[in-house]
Structure formats: C-alpha cells, structure tokens
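Read off the chains here:
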Amino acid sequence: MSDYDSDEMVSSYNKYVFRKLLFIVICVVIMIAVIGYASTIGSAGLSPIDVYKTIYNHFFNKSAINGTNDWVVFTIRLPRIMTGLVAGMSLGIAGAAMQSMMKNPLADPYTTGISSGASFGATLAIGLGFTLFGLGGSSGIIVMAFVFSLIPAAVIIMVSSMKHTSAATMILSGIAVMYLFNALTTIIKLSLSETSLAAVYQWSIGDLSGSTWESFQVIAIFGLIGGVILMAMSKKLNILITGDKNAKALGLDAHKLRIALLIIISLMAASVVCFTGIIGFVGLVAPHIVRIFLGSDNRYLIPASAAFGAVLLMVSDLISRTIIAPTFLPVGVITAFIGCPMFLWLLIKARKSMW
Amino acid sequence: MFGKSNNTQAEPEYENIQDRPLLNVELKDLEFGYDPKRPVLRNITHTFNTPEFICIMGPNGVGKSTLIHCINKILKPTGGVVLINGNDTANMKLKEVAKDIGYVPAQSEDSFPLTVVDTVMVGLQNDFKFGTRKEDLERVYETLKMLSIEHLAMRDFNELSAGQHQKVMLARGLVRQPPLVLLDEPTSNLDIRHQIEVTKTLAQMPKLTNSIVIMISHDINITAKYADKIMMISKGGIYAYGTPMEVLTKEALRDVYGVDADIIERDGRPHIILNDSIPIPKEV
Ligand SMILES: Nc1ncnc2c1ncn2[C@@H]1O[C@H](COP(=O)(O)OP(=O)(O)OP(=O)(O)O)[C@@H](O)[C@H]1O
Ligand SMILES: [Mg+2]
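For the protein sequence lines, the chains are P and L, in the order given. Counting in the working numbering, the first sequence runs from 17 upward without gaps. Counting in the working numbering, the second sequence runs from 388 upward without gaps.
Derived by calculation from the structure, the hints in this document are not laboratory data. Errors might be hidden in some of the hints.
Said to hold, decoys possible - Derived DSBU-like pairs: lysine-lysine, alpha-carbon spacing no greater than 30 Å straight-line:
#1 L:K616 with P:K31
#2 L:K480 with P:K261
#3 L:K532 with P:K36
#4 L:K594 with L:K616
#5 L:K424 with P:K179
#6 L:K482 with L:K521
#7 L:K482 with L:K532
#8 L:K521 with P:K31
#9 L:K415 with P:K179
#10 L:K463 with L:K532
#11 L:K415 with P:K31
#12 L:K463 with P:K272
#13 L:K594 with L:K480
#14 L:K521 with P:K36
#15 L:K415 with P:K272
#16 L:K637 with P:K261
#17 L:K486 with L:K587
#18 L:K532 with P:K261
Whenever a hint applies, use it, and build me the whole structure from the sequences.
See below:
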C-alpha cells in the first residue's frame with residue numbers, strides 16, 4: 017500500500033470541495049449573464065450593458081435613472097426573468113432534497129402528487145369558478161392551486177404518522193393520491209365547455225409568461241426560507257442517505273426528519289406550481305446533472321442544484337421566447353428539449369455511477 | 388490513534404481517553420417481538436460493565452441483530468428495559484443514546500454516492516456544523532489508516548467491493564471512538580488476513596480506550612481466539628456467557644447449532660474442529 021499521508025488526503029479533499037464551489041460560482045456567473053442578455057430581448061433595443069447600468073442605477077444611483085429604460089427593464093422584462101430564476105432555484109432545491117430524503121433517484125418536487133393537487137385546484141377555479149376566500153381572477157386560481165397542491169402531501173404525512181412508513185411507502189401513497197386527484201380533475205373536465213377546457217389546459221402546461229413581481233416575491237420568500245432550512249439540514253440528509261437504521265444509530269429519527277422535510281419541500285414546490293403551472297424536468301434532472309459533476313454530498317448538492325436549476329429554467333425560458341417568436345412555446349417544452357439530450361449525453365460520458 | 392482524546396466537542400474532563408468513565412449497560416428482562424405475540428427475544432438479563440471484547444454467537448435468525456438494535460434504540464423493546472448508566476433508554480432521546488454508542492451495520496445500503504471521506508465523516512455526528520474541519524479530516528484519515536484503507540479516501544462508496552464497504556462502515560462506526568461499540572458481523576466479507584487484523588484491533592480497543600466492544604460473529608475460531616467473553620444466544624435467550632473456554636464446549640455446539648465438533652485447547656483458548664452436522668435435538 018502507498019504511503020498516502022494525511023496532508024495528501026486533506027489537500028485532495030480540499031481540491032474536491034473547491035471544484036464544487038467553482039461549479040456553483042460558474043452557474044451564478046451564467047445566471048447574471050442570462051439576466052443581462054434576456055433583458056435585451058424585445059423591441060426596446062437595449063444592449064446588455066444598458067441593462068446592467070439600468071439595474072445598477074435603479075438600486076444605487078437613483079439620480080441617473082433613465083425613465084424609459086428603467087420601466088422596460090423593471091416592469092416588462094425582469095419580473096419574468098427573476099421569476100424564472102427563483103422558480104428554477106426552488107425546483108432544483110426541492111428536487112435534490114426530495115431525491116435524497118426518499119433515497120430515490122426518480123423522485124422530484126412533484127413526487128408527492130403536488131402537481132395533481134394543483135391541477136385539481138386550478139381546474140375547480142377556472143372551470144367551475146369555485147375559489148377560496150372569495151378571491152376572483154388570477155389570484156383566485158393561484159390560491160386554489162396552492163392550497164390543493166398541499167393536500168396530497170398532507171395525506172401522506174397523515175398516513176405515515178399513523179403507521180411508521182418507509183420512504184418507498186410514502187412515494188406509493190403519493191402516487192395513489194395523485195391518481196385520485198387526476199380522476200377528480202377528469203370528472204370536472206368532462207363537464208366543461210371548450211373555452212374553459214382550453215384555459216385549464218393552458219394553465220396546466222408550465223409557463224412563465226404570467227410572471228409578476230408578486231409571483232417573484234412569493235416564490236423567493238418560500239424558496240429562501242426553505243433553502244436556508246434545507247441547507248441547515250444538509251448534513252442530516254447525508255446521514256439519511258446512509259440508511260434509516262444507521263441514521264437512527266446516529267441519533268436521527270429518519271421518520272420524523274422525513275415528515276419535516278416533506279413539509280418544507282411541498283411548500284416550496286407549491287409556491288412555484290401555483291404561479292407557473294407544472295414545469296417538469298427541472299426538479300428531476302437539474303439535481304442529477306449536478307450529481308454527475310459534484311457527487312451527492314447534500315451540503316453542496318443543494319446550493320448547486322439551486323444554481324443549476326435556475327440556469328436551466330432561465331435559459332429555457334430565453335429560448336422559448338426567441339426560437340420561433342412570436343409563437344407561444346411553453347418553457348416546460350424547452351426544458352425537456354434541452355435537458356433531455358444534455359442529461360443523456362452526460363449519463364453516457366459520466367465516469368462515475370450516480371446511484 | 389487511541390492515545391489522546393482529541394475530540395474537542397466531547398467531555399473534556401479527562402486528558403487521556405483511557406481515563407474516561409466506563410459505560411454501564413444493563414439489560415433487564417428484555418423482550419422483543421416484531422410480532423408482539425411471538426417474541427424473538429425473551430428474559431434477556433445481563434450487565435455489560437467491564438472493558439472487554441464481547442462476541443455474540445448463535446444460529447441464524449435467533450435474534451442477535453435484534454438484540455443489538457434494542458441496545459441502541461433502533462428498535463424499542465416490547466418488554467423489559469435497557470439502562471445506560473442507570474438511565475432507561477426508553478426515556479432518552481435517540482441523540483442521547485447515539486452519543487455513546489458506535490454502530491456498524493451488517494449490510495450497506497445502496498444509495499446516492501458519497502466519497503469514503505464523507506461517508507466516514509457522517510459517523511462524527513457533528514451535524515450542526517456546516518463546513519469540514521481539518522481536525523475532522525485528520526481523524527477520518529487516522530481511522531482509515533487503522534483499517535489500511537486510507538488509499539480509498541476519495542473514492543465513491545458505491546464503487547467499492549463488499550470487503551471495502553465493510554471496512555468503510557467499520558471506520559464510520561469507530562471514528563468517534565465511542566465508549567460502546569456494537570458491530571453486526573463486521574468481518575463477514577473480509578479476507579483472512581483482514582479478519583485477523585480487524586478482530587485484533589477490536590479486541591485491543593476496550594483496554595486502550597476504556598470501552599465496551601460487542602461484536603456479532605459466526606466465525607467460531609476467530610471468536611475463540613480473540614474474544615474476552617462470548618455470549619451464546621439460543622432460542623431467544625442467553626444460553627451461556629463466559630470466556631471462550633467456558634462457552635465453546637462440545638455440548639454447547641451440539642445443543643445450540645446441532646454440530647459435532649472437537650475442541651482442542653491451545654494457549655488457554657479453545658480451538659474448534661468442526662466434524663459434521665447432526666440432527667438438532669427437538670424442543671420439548
Ligand atoms: N423487520 C422484521 N420484521 C419481522 N421479523 C423480523 C424482522 N427482522 C428480523 N425478523 C425475524 O426476527 C428473528 C431474529 O432476526 P435477527 O435478524 O435478529 O437474527 P440474527 O440472529 O441476527 O440472524 P443472522 O445470524 O442470520 O444475522 C428472525 O426470525 C427474523 O425472521
Ligand atoms: Mg443478524
């Protein structure tokens with residue numbers, strides 16, 4: 017055996033950590049570049065430099081604000097771009113945490129049936145005009161989608177508190193509830209007019225075109241709080257992936273931890289779904305692409321999935337707006353179009369096994 | 388690595404890890420059944436309070452792993468109590484129980500890959516700190532070196548052989564130098580040299596670190612050679628407890644395992660020559 021010594025190990029471990037941090041930094045740089053570039057798309061003829069200047073002036077140099085540019089960037093362009101950023105982050109984080117806590121590479125933010133609950137809520141609101149708290153219009157739909165998306169997770173939490181269940185049973189009960197909600201949605205749809213059906217369909221495909229500063233704020237608040245809590249729990253997640261028994265032997269009640277995580281992840285995903293509809297793929301694939309590069313240490317996986325999820329969604333949205341403009345192409349379609357080949361290519365190239 | 392205690396976050400009252408207080412683990416009328424109507428373990432009463440290397444033996448499915456899991460609260464006993472330093476574990480938080488007990492499971496679980504370093508680091512349990520401290524890395528290194536797997540440090544846990552897995556799990560369980568270590572067949576996949584080396588290391592640990600080491604094993608001759616005490620489990624209860632010479636007798640092997648064996652004494656320890664299996668005497 018070699019005389020591999022302690023310092024050598026420490027230095028190669030530090031290099032390994034540095035690589036992970038570098039990945040996150042690169043994603044953040046791309047994010048900033050995309051914000052600048054995406055803000056130029058449109059009829060106002062701004063250059064990326066103009067955009068950064070406008071953003072800088074808006075916050076730090078109020079006297080130099082150019083009214084038109086400021087209005088274009090902050091009222092027209094940025095709400096959508098920034099909503100994409102925080103939605104991608106939340107989906108990336110929620111996906112990474114869901115996979116780790118369920119110990120299942122197929123898990124994503126919607127694993128517990130969130131999307132089916134949200135669809136049902138939105139269908140009730142759009143199709144039957146049924147809303148909560150007497151809210152009308154789009155806020156009625158948003159609140160309905162949000163509240164109903166949390167019901168499947170609540171059912172899972174109830175079931176698994178009554179009888180201590182494993183991760184796999186949790187996923188299975190999520191799928192069972194999902195079927196029920198899909199069936200309920202179908203029943204309502206059968207009775208709807210063609211225009212209502214079209215509106216329901218329009219809602220269900222994920223899309224960022226309806227984004228506002230409000231959607232940004234709500235998603236950002238849930239994402240930020242959830243993200244910080246999940247980061248704080250990242251070492252616990254590392255313990256959890258070594259197995260439930262071992263986790264218990266290390267003083268961690270796997271069952272209780274899973275329920276806590278499920279609540280946080282569900283709230284994050286629900287806050288995204290209710291504004292954007294069901295954007296698939298980001299939550300599933302962004303964490304896996306990160307795993308290929310960085311491995312599965314949750315301390316780095318979670319922030320890196322946030323950064324990469326944001327990049328993936330922002331770039332996809334950029335493409336969806338430009339590729340065959342002015343035709344409407346939902347962002348969910350593009351995430352799959354970019355994400356799938358990229359993911360398969362990486363899978364084939366990957367030196368390491370992911371699972 | 389067992390010289391000084393460099394665990395800054397643990398009790399700093401003692402300079403030398405040998406001077407730390409010994410744990411007292413008491414099992415009183417312990418009973419456990421996965422199905423409450425059919426208990427696997429019954430009337431287990433025993434106290435571990437000497438710094439010794441204790442091997443648990445017994446046929447498949449008799450409840451050895453179950454017993455270990457009752458001690459560190461992975462399972463909750465359906466009857467009786469487990470007391471650690473006089474405290475009933477039923478009233479203790481998992482975290483409090485885990486603080487003093489290292490655990491090495493029988494099998495590794497397939498999961499997302501962590502590097503060997505990160506896998507072992509999990510055993511340090513300092514989960515409230517986000518970063519990785521240099522002293523933690525050095526501690527991990529020392530543990531890996533003790534098991535001569537330091538060269539695997541940066542490999543992914545998932546990509547290792549069965550024996551390498553087992554050594555990493557050993558490192559994870561031992562890295563904290565806990566005062567009580569529970570090991571479930573930790574050498575079942577190791578080659579003969581490493582079976583000897585690991586068992587020898589485990590056997591020396593109680594005296595060097597003032598700890599209790601309890602290992603489940605099916606390897607009768609390794610056990611006979613290194614164990615301070617053997618606990619033989621049969622039919623859900625303790626069949627015999629004592630030194631290898633006292634426990635590993637021709638009669639015991641016949642009664643418990645239904646095996647005919649000859650016992651030779653060498654340097655005060657039994658050496659077992661297995662002859663043949665014989666019909667197990669029917670329970671009355
Ligand atoms: N999760 C479980 N649910 C129900 N019964 C179980 C469970 N785990 C173990 N058992 C049963 O409990 C008994 C004791 O199992 P245990 O794993 O403790 O045996 P063991 O002595 O460790 O055996 P081995 O030498 O094969 O490891 C066996 O009869 C087994 O079938
Ligand atoms: Mg066993």
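Q) Taking only the CA atoms, is the gap from K532 of chain L to K261 of chain P under or equal to 30 Å? A) Holds: K532 of chain L and K261 of chain P sit about 26 Å apart, inside 30 Å.
**Q.** Pair hint outcome, K594 of chain L versus K616 of chain L [Cα-Cα no greater than 30 Å]
**A.** 14 Å, holds
Q.
Please verify whether K486 of chain L and K587 of chain L have alpha carbons no more than 30 Å apart.
A. Roughly 25 Å between the alpha carbons, so the hint for K486 of chain L and K587 of chain L holds.
**Q.** Satisfaction of hint between K261 of chain P and K480 of chain L, Cα-Cα up to 30 Å
**A.** Holds, because 15 Å separates the two Cα atoms, which is no more than 30 Å.
(Q) Need the status of pair K594 of chain L, K480 of chain L: alpha-carbon distance at most 30 Å? (A) 29 Å, holds
Q.
So if I understand the rule, the pair passes when the alpha-carbon distance is 30 Å or less; does K637 of chain L with K261 of chain P pass?
A. 36 Å, violated
Q: Decide if the proposed pair is consistent with the structure: K463 of chain L and K272 of chain P, CA atoms, cutoff 30 Å inclusive.
A: 16 Å, holds
Q.
Check whether the Cα positions of K532 of chain L and K36 of chain P lie no farther apart than 30 Å.
A. With Cα atoms ~26 Å apart, K532 of chain L and K36 of chain P stay inside 30 Å; holds.
(Q) Does K31 of chain P sit within 30 Å of K521 of chain L, going by the straight-line distance between their CA atoms? (A) 13 Å, holds
Q) Can the restraint linking K415 of chain L and K179 of chain P be considered satisfied, given a maximum Cα separation of 30 Å? A) Given that 30 Å is the threshold and the Cα spacing comes to 28 Å, the pair holds.
Q: For the pair supplied as a hint, K415 of chain L and K272 of chain P, confirm whether the alpha-carbon distance does not exceed 30 Å.
A: Satisfied, since the Cα-Cα distance of roughly 29 Å is no more than 30 Å.
Q | 30 Å Cα cutoff - pair K424 of chain L, K179 of chain P | A | 19 Å, holds
Against the hints set out earlier in the document, violations occur for numbers 1, 10, 11, 16.
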